[in-house]
Amino acid sequence: MKIEKRVVRLVEKKRLSEDYWWFELEFIKEFNFKAGQYVSVKVNETGERRAYSIASVPGGKKIGLLVDVSPGGVGSKFFENLKLGDGVEVLGPLGRFVVNKKGYTFDGFHLGGVRVGTQPPSEEKSLIFVGTGSGIAPLRSMIEDVLQSKVNDRSVYLVWGMRFEKDLFWQKEFEELERKYKNFKFELTLSKPSENWKGKKGRVTEVLKEMKRLEDVEFYLCGSSVMVEDCVKILTDKGVDEEKIQFEKYG
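In terms of the working numbering, the sequence shown opens at residue 1 and continues consecutively.
One or more hints might be untrue.
Unchecked claim - EDC-like mimics (lysine to aspartate or glutamate), calculated; alpha carbons at most 16 Å apart, straight line:
| no. | residue 1 | residue 2 |
| --- | --- | --- |
| 1 | K14 | E215 |
| 2 | K29 | E80 |
| 3 | K2 | E30 |
| 4 | K77 | E45 |
| 5 | K14 | E89 |
| 6 | K125 | E24 |
| 7 | K13 | E80 |
| 8 | K62 | E12 |
| 9 | K62 | E24 |
| 10 | K200 | D241 |
Said to hold, decoys possible - Taking CB as the label site, the calculated pair distances span:
| no. | residue 1 | residue 2 | range |
| --- | --- | --- | --- |
| 11 | K172 | R6 | 44 to 54 Å |
| 12 | D237 | E4 | 36 to 46 Å |
| 13 | K14 | R163 | 18 to 28 Å |
To be clear, the hints were calculated from the coordinates, so they are not data collected in a lab.
Quick caveat, the model's predicted, so the values are computed rather than measured.
The C-beta atom is built at its ideal place from N, Cα and C for all residues, glycine as well.
Generate coordinates for the entire structure from the input sequences, incorporating the hints supplied.
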């Protein structure tokens, strides 16, 4: 895919939670990219750029970006000040954090003693996606792309970790995908939940520690550097081949 610099137009700006915003950018013609890739955005007149993963599925003239404005940096301020119709300079598509298309045999995996992935053995691996914070953005694109590709014998599992309930902006969306696709499972975990939270508590690393039979599973991790490094260590300690672990670090 050709990497190009383009000026696109902001066509949607929506606040998802206190810290997270959704921005939809429209190209003049179809923008070709692979699920999991990102664009580099020019965020001021001096030419500074920031990378943002594409959170929408490939196809069409529009892409969606998830932006965490809580850091308050130059990128956050740029997006907060954008108005509908404004032009945005983007460079892309960029990145190699994409789903492996090679075929492997799998027979499910176990989470806390419960087998996940009830499909019969196929020629493709089970996929486990682990994301925290805005790291959920490329995973959303990758998961929806895999599910929509009609490869319904591929077991797909998402572990999404956040701090607070107020930031679960895509919870209903993933629950709907879970109802729609029998091969998709989704789990939330909060590291700083309220007393009323009835779901899973703790970091995503604790969820990974519960998993068993991971020999034939492929992992995709995205989030803070600390989270990714901790997850990689847990998985390799469990015997997972590093070649089966792909990741993108933020910050």
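Now for the hints, and whether the structure bears them out:
1. K14 to E215: 41 Å, violated
2. K29 to E80: Given pair K29, E80 is violated - Cα atoms ~26 Å apart, limit 16 Å.
3. K2 to E30: 12 Å, holds
4. K77 to E45: Between K77 and E45 the Cα gap is close to 13 Å, so the pair holds against 16 Å.
5. K14 to E89: 20 Å, violated
6. K125 to E24: 32 Å, violated
7. K13 to E80: With a Cα-Cα distance of about 9 Å, the restraint between K13 and E80 holds, given a limit of 16 Å.
8. K62 to E12: 10 Å, holds
9. K62 to E24: 7 Å, holds
10. K200 to D241: With Cα atoms ~28 Å apart, K200 and D241 exceed 16 Å; violated.
11. K172 to R6: 44 to 54 Å: Given a distance of about 33 Å, which is not inside 44 to 54 Å, the answer is violated.
12. D237 to E4: 36 to 46 Å: For E4 against D237, whose Cβ atoms are near 42 Å apart, the range 36 to 46 Å holds.
13. K14 to R163: 18 to 28 Å: Taking Cβ atoms as reference, K14 and R163 lie about 21 Å apart, which means the hint holds.
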